[in-house]
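Enquirer: So the chains spell out like this:
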Amino acid sequence: MLMLEKRPSPSRFWNWATPVLAVVLTMLAGGLMFALLGKSPTEAIRTIFWDPLFGEFAWYFRGQLLVKAGPLILIAVGLSLGFRAGIWNIGAEGQYIMGAIFGAAAGLALYPADSRLIFPLMVVAGAFGGWLWAMIPAILRTRFRTNEILVSLLLVYVAQSILASMALGALRNPDGGGFPGSRNLSQWASSANPELIAGTGMHWGVVAAMAAVIAAHVLLQRHILGFHIRLAGQAPRAARFAGVSPGRLVLLCMGISGGLAGLAGMFEVTGPAGQIQIDFASGYGFTAIIVAFLGRLNPVGILLAGLLMALTYVGGDNAATNLGLPAASIQAFQGMLLFFLLALDLLSNYRIRLTRKEAA
Amino acid sequence: MDRRTLLAGAASGLALSLAGRTALAQAKEKVKVGFVFVGPIGDGGWTFQHNEGRLAVEKEYGDRVETIYQESVPEGSDAERVLTQMVLAGCDIIFTTSFGYMDATNAVAAKFPNVKFEHCTGFKRDHANVATYNARFYEGRAVCGTIAGMMTKSNKIGYIGSYPIPEVVQGINASFIHAKKVNPDVTISVVWAYTWFDPAKEADAAKALIEQGVDVILAHTDSTAPLAEAAKTPGVIGFGQASDMANYKPSPRVSSIIDNWAPYYVKRVGMVLDGTWASTDAWEGIAGGEVQVGEITDAVPAEVKAKAMEIHDAIAAGTYHPFTGPLNRQDGSAWLAEGQVASDGDLLGMNFYVEGISGEIPK
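Line by line, the protein sequences give chains A and B. Okay, so the first sequence: first residue is 1 according to full-length UniProt numbering, each after it adds one. Okay, so the second sequence: first residue is 1 according to full-length UniProt numbering, each after it adds one.
There's no promise every hint is true.
[Said to hold, decoys possible] With beta-carbon atoms standing in for the labels, derived distance ranges:
1) B:G62 - A:N15: 28 to 38 Å
2) A:D175 - B:E310: 39 to 49 Å
3) B:D281 - A:A332: 45 to 55 Å
4) A:Y157 - B:G62: 41 to 51 Å
Just so you know, the hints here were simulated from the structure itself, not pulled from any lab data. C-beta atoms are modelled at their ideal positions from N, C-alpha and C, and glycine is treated no differently.
Okay, chain B solo, but in the shape it has when bound (with noise of 0.2 Å):
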């Protein structure tokens, strides 16, 4: 076969599986469903909820739906050929469930159009068939926050940060203006691990907080390394992050952020079955169900587990919101006015800490 035969032959299966999809558009019998891991299942953290989300399209839809998934998909050129080879499996809809899948993820969707792609965290919505989802981690983040106020002894709690983006800044700006308010002195150390998945390197910086004097631990990270690494050290406190990582109950795990995919899994992958997708951006926290706070246990005072729980209630009840003014950014400037509230766009491009944070966001 010559070059030229062999690329009309690659022209023409593109054309024919493009037209194969077309005629498809509507309603569907059955759908595929593709799942891009950052890490692996067994991470017990992010990866593994999503997981548990793909396990409960599986269980609602049963013979109507197939899934297929591929863990530790690095973030970089890799991802566009798995994606590539996802749509080529024949996937209906593609769930990129880590932020540096974002122009992966565009640009395989402007190749495809009839196949619906799902990033998880990103805010790039280039073609018609590409969505983005996140959840409102900082509404967790402001329970825990305010746990980790009340609980520490050293009036020092560290933070795990995994890359310096707008949500993670938001998690530690959550957590510390919550933990302020309950302790005025208080003060946080954040390490930067530039890494989602890497239990070694989570594992060093618990120890270097640790080592600082930190003894409440947040990490912003998927494995659960940050707690194992709490656990060699009597009266250092943690949470569970991602997952509830119920195995490190009652301590150092006092409580969990849970990521609860599966009602936005089966939301979507519903949506194309009945053909009714479309492109949108979807936040939901507490009150929508997508961020859940694990059990608080026994270790936590009773007076600390009623205070984070009135936090939560009223996160939930849509009372109250994490980031309430007056707040200032770290350099002093005023952020929020007395009771005005940060807009979705402020959050979405944090890149600030509030004031009390001392350290400088990676530059």
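One chain only, chain A, in its complex shape (with noise of 0.2 Å):
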């Protein structure tokens, strides 16, 4: 019979060695999907995580690996800060969204002038808007201890209703005929946000998700900052003795992580996206959080899945173009990623001990 046994602390092998199984399992159990649909599972499995790396248009995918994996990782890092010390900011994509919108505000503002100040300007503003946003629920929590979690993810759907009214309104493109969406901020040199160096898909926002991850590695392991985040997740109580305030932490953490989201937002309206637009919304926020628990809440291991995620992502799309897979079937596979992680993370915490049964 088989029985679970509670490890005394969790194993660091399986807390490593899990992410990969479940990367192996899915794709048995994705091939076997692909097999019913009557498809070769190995040229399914192929094309989307071989070709995008190593196929013949690897040099495109590759830079599109980036442009899908950097709000993923800028976002998750300012996550697994909170995350750690036990707060749980799950409204990553109304911050996201709020980025965007004051990014792009600032600089619609001062279309069509032509200056290099712009584009620092809708940083900073992208990144307050992302701030302001999450300091709602970090506000609320401290003075009022309202869950953060229902007030972070709520205000989501708040975000996004702005989203569509500025989208129709205030920001609306005047020269649209009549569509919703702004103009076009990646086309108007004074806000865009290109490829730095063209065919790479590195943009602004890729630069900061990188800078994003040596900070966070840094503030973890050597600043007092990073010490207190990772006491409070651990002995909350501990953490009070050594004069950890709980109220400053929620703020920074939450502050940190929507300023991260609206960076993101940001770079990504100025850049791939373009516009301000109804469905600007991509789900960034929501997938982040998949990202950051992938990553085990560590700065690298965020890299890496953020960059495994966007795996799936553009190798996904490319199966379904080419193999004429239905869409539904990629999400099943995204699916099923998470769905084997999250199972075998009981190995971190569990053994699994094979044991007789015992006469009564």
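Dock the two chains into a complex; use the hints.
Expert: Written out as structure tokens, the structure is:
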């Protein structure tokens, strides 16, 4: 009979082995699904995981991986700080949207001026927008002890409504022929966030994501704030004795994650997306939660997890087009990855033991 | 490989793929056709009909065409990648079938001048290799609006709008104008779903309308959900939208507006095959066969059917335009004088309700 026995402390080995094992199991189960759909499983898996990296058109797809991974990593790094300290910002999607709106609005207010200062101003406005949106659940929690999970999540829907109203009203392109959506920011030199080196996909958002990974790594390893964050998560009582103010920590963690999510939104709207549009929000804020956990709340892990997640999207689209796979099968495939990861997480905290049934 | 050689590789790869195409600019033996869909083919409506058009292309040209498609492509930054990916897969012509792909279509078209792009329901043709096409759905709305006006017992008809864009506003106005013509007491309530395809939201919108006392529902979204919702309440009727939605016959679906893209797709792919393709803006309606009105069922009295067909036939013959004056704007200001017909320019930028509709277009 199989028994689960709690480990005295989480297994370091399984902590890092489970993501790898989850990917392998996803390939097996996904391959089975593709086979049932009448497609070659090896070809499907190859199209998803291999072709974007090493296939004929890898020169294009590698850059697209960075474009897709950039915002995920930037948001996930911010979220991971709070998650480590037991502060659950689930509303990064809303902060991402508000960052894009604030950033775009700051730029469009000066349209069509030609100045190198506009883009930096938009960056600041974007980070501010995300920070501001995160401060609502943060202050409500510190002042009134509301639950930041619910408040931040529900504010996503508020942000989506504001987004629709902006695309139809205040930020609508006056030359847009009656269509919703702002001016295309990526086509206006002062606000554009173009590829820094043509063909690489590297834009300022990707640079910011890399910088955030390094900064978070240093913060967690070397800085007293990082120590406080880790302590608050692992031993809240001890943290209080060590002089960590829980309220201050909430404001800091929510603020950092909101600001980074806002930045991600701002870089997206000025680059790959181009305009404030009713459905500008593409779920990065929610996917980033998965990326944060897939990366074990560790900055370097998040970097790898973000790239892996981007690979399943870019490769998944590639397979959908070239192999004629239905969109739902690709979503199911991505779902499997998360399912296996969560299921296998059990192994880091428990060990499986085989026991004989004992006589009563 | 260091970054420099990687980039050189990227640049030469791009150049190669472009050069490979230039050599074949004239008539072609075989073309590859790409379709970008906003929803799943199984929506039973908008995307389903575009896919029917794709199948018609395959049937018409057999071995001379290969088609690929991708469903549920978000109308944001992903669209550009999917389009590029289709170009890399060797497509000669790509149809993007939702208005939100407008900027992405033009951006990718700029990079690949030898691939043809066709954007559905947009107006931007920034490059010589971009064409746009749409159908005069409002003509079908005039027919459905007539049926709606005669059939409603509560004098309340409802309209589920997707996005407040000119095409949808045309549909609302055309429906209302023709309902009002046959029933001066009719009012119209509009609910905006802000989505093309989301059966849950579409069903909620229909439910909200029914709760307000609406007994005829028109929808401008892509799924069959509004009809499924209407079926739950006796006495409520609706129309097939984009596709015939014949499963809901004879009621709640009493008629339908069918988008028939097949003739256009067959024609345009044929032009790529024989090398005569050029950037155009196509906007056909009932007369051209792009918009069809589905069978009017026996759930509708004969005189209603006769009246609806009278409008249909007049539009088909070109003797009647659904937007014929006198018509005023919502605020009471004059729009079209007696006998004056709306210009296409007016229709393509339509951002106002006609007189008699209450509520505001979201701003």
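Enquirer: Output the numbers, in ascending order, of every earlier hint that fails for this structure.
Expert: 1, 3
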